[in-house]
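Here is how the chains run, residue by residue.
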Amino acid sequence: MNEMSAIEKTVLNDYKYGFVTNIEADEAPKGLTEDIVRFISSKKNEPEWMLEWRLKAYRHWLKMEEPKWANIKYPPINYQDIIYYSAPKQKIKPKSLDEIDPELRRTFEKLGISLDEQKRLTGVAVDAVIDSVSIGTTFKEQLAELGIIFCSMSEAIQEHPELIKKFLGTVVPITDNYFSALNAAVFSDGSFCYIPKGVRCPMELSTYFRINAENTGQFERTLIVAEEGSYVSYLEGCTAPMRDKNQLHAAVVELIAAENAEIKYSTVQNWYPGDKDGKGGIYNFVTKRGICQGNNSKISWTQVETGSAVTWKYPSVILKGDNSTGEFYSIAVTNHHQQADTGTKMMHIGKNTKSRIVSKGISAGVSNNSYRGLVHVNKKAENARNFSQCDSLLLGDKCGAHTFPYIEVKNNSAIVEHEATTSKIGEDQIFYCNQRGIDTETAVALIINGFAREVMNQLPMEFAVEAQKLLAVSLEGSVG
Amino acid sequence: MINSVEYFKEKFDLLQHANKDSLLGSVHQQAFNAFRTMGIPSVKHEEWKYTRVGSLFNKEYNVVLEQKPNTISEKEINAVRLPGHEEANELFFINGIFSFGLSKILSSKQLVVISLKEAAAGEYNDVVSKNFNHSSNYLKDGVNALNAAFAQEAVFIHIKKGQITEHPVYIYNITDTRSGNTFSQPRSLIHVAENAQVQMVETYIALGHSQDFTSQVTEIIVEKDAHVEYYKIQHEGRDSSMVSTTHLRQVGKSYTHTVTVSLDGDIVRNNLNVVLDAEHCEAHLYGLYFQKGSSHIDNHTVVDNVKPNCFSNELYKGIIDGDATGVFNGKIFVQPHAQKTNAYQSNKNILLSDSATVNTKPQLEIFADDVKCSHGCTIGRLDEEGLFYLQSRGISEKTAMALLLHAFSDDILSNIKLPAIKNYVDELIEKRLEM
Numbered sequence: 267m268n269e270m271s272a273i274e275k276t277v278l279n280d281y282k283y284g285f286v287t288n289i290e291a292d293e294a295p296k297g298l299t300e301d302i303v304r305f306i307s308s309k310k311n312e313p314e315w316m317l318e319w320r321l322k323a324y325r326h327w328l329k330m331e332e333p334k335w336a337n338i339k340y341p342p343i344n345y346q347d348i349i350y351y352s353a354p355k356q357k358i359k360p361k362s363l364d365e366i367d368p369e370l371r372r373t374f375e376k377l378g379i380s381l382d383e384q385k386r387l388t389g390v391a392v393d394a395v396i397d398s399v400s401i402g403t404t405f406k407e408q409l410a411e412l413g414i415i416f417c418s419m420s421e422a423i424q425e426h427p428e429l430i431k432k433f434l435g436t437v438v439p440i441t442d443n444y445f446s447a448l449n450a451a452v453f454s455d456g457s458f459c460y461i462p463k464g465v466r467c468p469m470e471l472s473t474y475f476r477i478n479a480e481n482t483g484q485f486e487r488t489l490i491v492a493e494e495g496s497y498v499s500y501l502e503g504c505t506a507p508m509r510d511k512n513q514l515h516a517a518v519v520e521l522i523a524a525e526n527a528e529i530k531y532s533t534v535q536n537w538y539p540g541d542k543d544g545k546g547g548i549y550n551f552v553t554k555r556g557i558c559q560g561n562n563s564k565i566s567w568t569q570v571e572t573g574s575a576v577t578w579k580y581p582s583v584i585l586k587g588d589n590s591t592g593e594f595y596s597i598a599v600t601n602h603h604q605q606a607d608t609g610t611k612m613m614h615i616g617k618n619t620k621s622r623i624v625s626k627g628i629s630a631g632v633s634n635n636s637y638r639g640l641v642h643v644n645k646k647a648e649n650a651r652n653f654s655q656c657d658s659l660l661l662g663d664k665c666g667a668h669t670f671p672y673i674e675v676k677n678n679s680a681i682v683e684h685e686a687t688t689s690k691i692g693e694d695q696i697f698y699c700n701q702r703g704i705d706t707e708t709a710v711a712l713i714i715n716g717f718a719r720e721v722m723n724q725l726p727m728e729f730a731v732e733a734q735k736l737l738a739v740s741l742e743g744s745v746g
Numbered sequence: 002m003i004n005s006v007e008y009f010k011e012k013f014d015l016l017q018h019a020n021k022d023s024l025l026g027s028v029h030q031q032a033f034n035a036f037r038t039m040g041i042p043s044v045k046h047e048e049w050k051y052t053r054v055g056s057l058f059n060k061e062y063n064v065v066l067e068q069k070p071n072t073i074s075e076k077e078i079n080a081v082r083l084p085g086h087e088e089a090n091e092l093f094f095i096n097g098i099f100s101f102g103l104s105k106i107l108s109s110k111q112l113v114v115i116s117l118k119e120a121a122a123g124e125y126n127d128v129v130s131k132n133f134n135h136s137s138n139y140l141k142d143g144v145n146a147l148n149a150a151f152a153q154e155a156v157f158i159h160i161k162k163g164q165i166t167e168h169p170v171y172i173y174n175i176t177d178t179r180s181g182n183t184f185s186q187p188r189s190l191i192h193v194a195e196n197a198q199v200q201m202v203e204t205y206i207a208l209g210h211s212q213d214f215t216s217q218v219t220e221i222i223v224e225k226d227a228h229v230e231y232y233k234i235q236h237e238g239r240d241s242s243m244v245s246t247t248h249l250r251q252v253g254k255s256y257t258h259t260v261t262v263s264l265d266g267d268i269v270r271n272n273l274n275v276v277l278d279a280e281h282c283e284a285h286l287y288g289l290y291f292q293k294g295s296s297h298i299d300n301h302t303v304v305d306n307v308k309p310n311c312f313s314n315e316l317y318k319g320i321i322d323g324d325a326t327g328v329f330n331g332k333i334f335v336q337p338h339a340q341k342t343n344a345y346q347s348n349k350n351i352l353l354s355d356s357a358t359v360n361t362k363p364q365l366e367i368f369a370d371d372v373k374c375s376h377g378c379t380i381g382r383l384d385e386e387g388l389f390y391l392q393s394r395g396i397s398e399k400t401a402m403a404l405l406l407h408a409f410s411d412d413i414l415s416n417i418k419l420p421a422i423k424n425y426v427d428e429l430i431e432k433r434l435e436m
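The listed protein sequences correspond, in order, to chains Z and F.
For reference, each letter of the first sequence is one residue, going 267 to 746 in my numbering.
For reference, each letter of the second sequence is one residue, going 2 to 436 in my numbering.
Hints in this document: simulated from the structure, not taken from any laboratory.
With a Cα cut of at most 27 Å, we get these calculated BS3-like pairs of lysine-lysine:
| hint | chain 1 | residue 1 | chain 2 | residue 2 |
| --- | --- | --- | --- | --- |
| 1 | F | Lys45 | Z | Lys646 |
| 2 | F | Lys341 | Z | Lys664 |
| 3 | Z | Lys339 | F | Lys45 |
| 4 | F | Lys45 | Z | Lys334 |
| 5 | Z | Lys611 | F | Lys50 |
| 6 | Z | Lys334 | F | Lys141 |
| 7 | Z | Lys339 | F | Lys141 |
| 8 | Z | Lys611 | F | Lys45 |
| 9 | Z | Lys322 | Z | Lys334 |
| 10 | F | Lys293 | Z | Lys617 |
| 11 | Z | Lys329 | F | Lys50 |
| 12 | Z | Lys339 | F | Lys50 |
| 13 | F | Lys50 | Z | Lys620 |
| 14 | F | Lys45 | Z | Lys645 |
| 15 | F | Lys399 | Z | Lys645 |
| 16 | Z | Lys645 | F | Lys349 |
| 17 | F | Lys45 | Z | Lys329 |
| 18 | F | Lys50 | Z | Lys645 |
| 19 | F | Lys399 | Z | Lys646 |
| 20 | F | Lys110 | F | Lys254 |
| 21 | Z | Lys586 | F | Lys50 |
| 22 | F | Lys141 | F | Lys50 |
| 23 | Z | Lys645 | F | Lys293 |
| 24 | F | Lys332 | Z | Lys611 |
| 25 | Z | Lys646 | F | Lys293 |
| 26 | Z | Lys339 | Z | Lys296 |
| 27 | F | Lys332 | Z | Lys339 |
| 28 | Z | Lys334 | F | Lys50 |
| 29 | F | Lys349 | Z | Lys646 |
| 30 | F | Lys50 | Z | Lys646 |
| 31 | Z | Lys664 | F | Lys373 |
| 32 | Z | Lys620 | F | Lys349 |
| 33 | Z | Lys463 | Z | Lys406 |
| 34 | Z | Lys611 | F | Lys349 |
| 35 | F | Lys332 | Z | Lys334 |
| 36 | Z | Lys617 | F | Lys349 |
| 37 | Z | Lys664 | F | Lys332 |
| 38 | F | Lys254 | Z | Lys664 |
| 39 | Z | Lys463 | Z | Lys586 |
Isolated chain Z (complex conformation):
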């Protein structure tokens, strides 16, 4: 019984990124119409083809219905009650990072991201996106020397239209799904990253997303293109202030890996999850997809999902090139009233393609955590290999853990394995630790860390530390 309360205690944590920054914002009126799409496009000074692309997406979106199949419940979203464009007001576009609004910089310092180039020491190039507009990108020059383009999406549209035209929407077409169509219509910024042939990106690239203004939705779009033989590791982090109202986040991420290229994409998602009664929080409806276009290419998704009131997210890999590899490592933690329906899709098309899925779900409080995944082996995908493992850990008797793996195999040379387990922390494990002088709370943290280790090991070092702390914080007080 005592143990129980210790666990309960640990769960009652505060969301430490819940501050609001007072920055004047340039906002569009509420609601979504063709005019708003035009407004966003003209605000961003976009060329005609981009506007056409947005309008096409918008018109298609109007014809679509919100998906209802996921194992999540939320009140209907009023898409006319959202501000689709909110940019921190800056009179003149800053030429260098020093000119950025000091208030803004303080925000990022609070988040632990220094836009200052002192950050050089850690060797991470950061593109910070606040309320869906890119604020500043660090290390641009150094990267440019290698021919790497790392900039905000709006910059890319202005400066590299040929690349954007060629790649944008090729992995996640505008007609793909409800939220991706919405994103294509109203996305206001995001990051673009292009690694030329044969270049190994010397540092981790990173984007930090933050929703600041109230009633806004964040719609960012990320596009990463790795040309032949190149390598890039990309990090993404997200936070938001605490608000009573739910906010919408509908992002799209597209990855393209050419022959022999490798992309490693890591996410630590810590949007505001709502308070312990389930009030407020972010609706996180994200479409992430990568394509292994060339032979021997590799895409690896790693995600640590601790935030958001509702998560609907399936980072996928299309294994088109022969011998290509797709990986998905995920930890999804839900507490209080959080709901997560997340997983992956591995589409085996090329020969000798391999995929590996490791998904760890931890549920506490009255939350629900679902893994939903698809492994599809095409008729022509000779010698495809997949291994999937989904483990769930339940902390408390009011939460739920669910697994929905879909496996479709049309080629007899494929070897596909799937296994899943569900369990709780055993009393014997706790006892073992107690006996050795480790108190229950620490013991639980220890066991959870062990449970999540396989995925944690995949994270770049800078993130692993943060993720581990997050995990502990998210579950504070939930273990019994």
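Keeping the supplied structure of chain Z fixed, place chain F upon it in accordance with the hints.
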């Protein structure tokens, strides 16, 4: 064409003149209303994602609703009897209508077989009202509702309290398609009373060469300390399709054991639900599907742990050859408070040809924390090392394959506890393995 709701409306109105207000009458009516709203499931229905049942409803059928004079000869009946029938109770459905004339009850001390109408009107009223159409809580689709709406000639089987049925019960579903395509909807409600034991074998036979579509629902209620073994052998020809539902509900601490063997058919869909509605229940579910040609086999199973302390073990194995498709969907639900549940599930598939397909979805939905649940599934081809080992010892490739596949199926077959039936299925598999 029977794919229109209006078509069934006409038929339904014809049947509904007499007993509108009776217990069954209102269930039929409700079920029919449910069918009208749900219609025939399309592939957009999550439970029917991989099985296109719409095409079955697109054909012209004779829809049999009432008992017709028997047109099947003694000789034909003898030809389809299962081995061991001399020592078995035999029950016959002809075109989905239960035939008292053909059925043979050896264990009249232990068994009561009456029409469902009679059961509902008499001493089993309580059992019928509590349990008839309980499966509709789990299967929310038009096919199941349609069966309940048209289950006018259903049979009620009662295994008396404390009785061990010495002779197994063989249930034959015969469809006579000699006068054209036939659509039949057999329905039964089986009540296994406290401390009773029974072994049941169900099989399906089509006579004639037209197409038949059987939509069957069997509901079994298992009371405290009862013991039920249920074997389903599906070995109809290429012209036969079916949607066959078995709904086992364990309302007292009891034991059930089911084996489903599917060897042939055009489109075959099995729904097996096991509801563990009492503490300390035990359920074993086994299945083997071995398909070739262009046949399509779909096994949907549900194990619903409603009460704590239950145990279930599920193993389904499939061998898919030719252009065939195998579908498996296994759900394990652990309801809130169903603590100390132990539930295991495993699905293993072998693909023998380039154009065979397997779609599998092992699904866990768990709302209690003190449980041990696991599932696993594999898809692959025959172990090459095993094949090589056997070949290196002078065994031809064909024989080696047969040996390995036979061993693969044996995990399931060894769970058939009636020797006559086990040998019968074994022989069918051996014949198939001569390929």
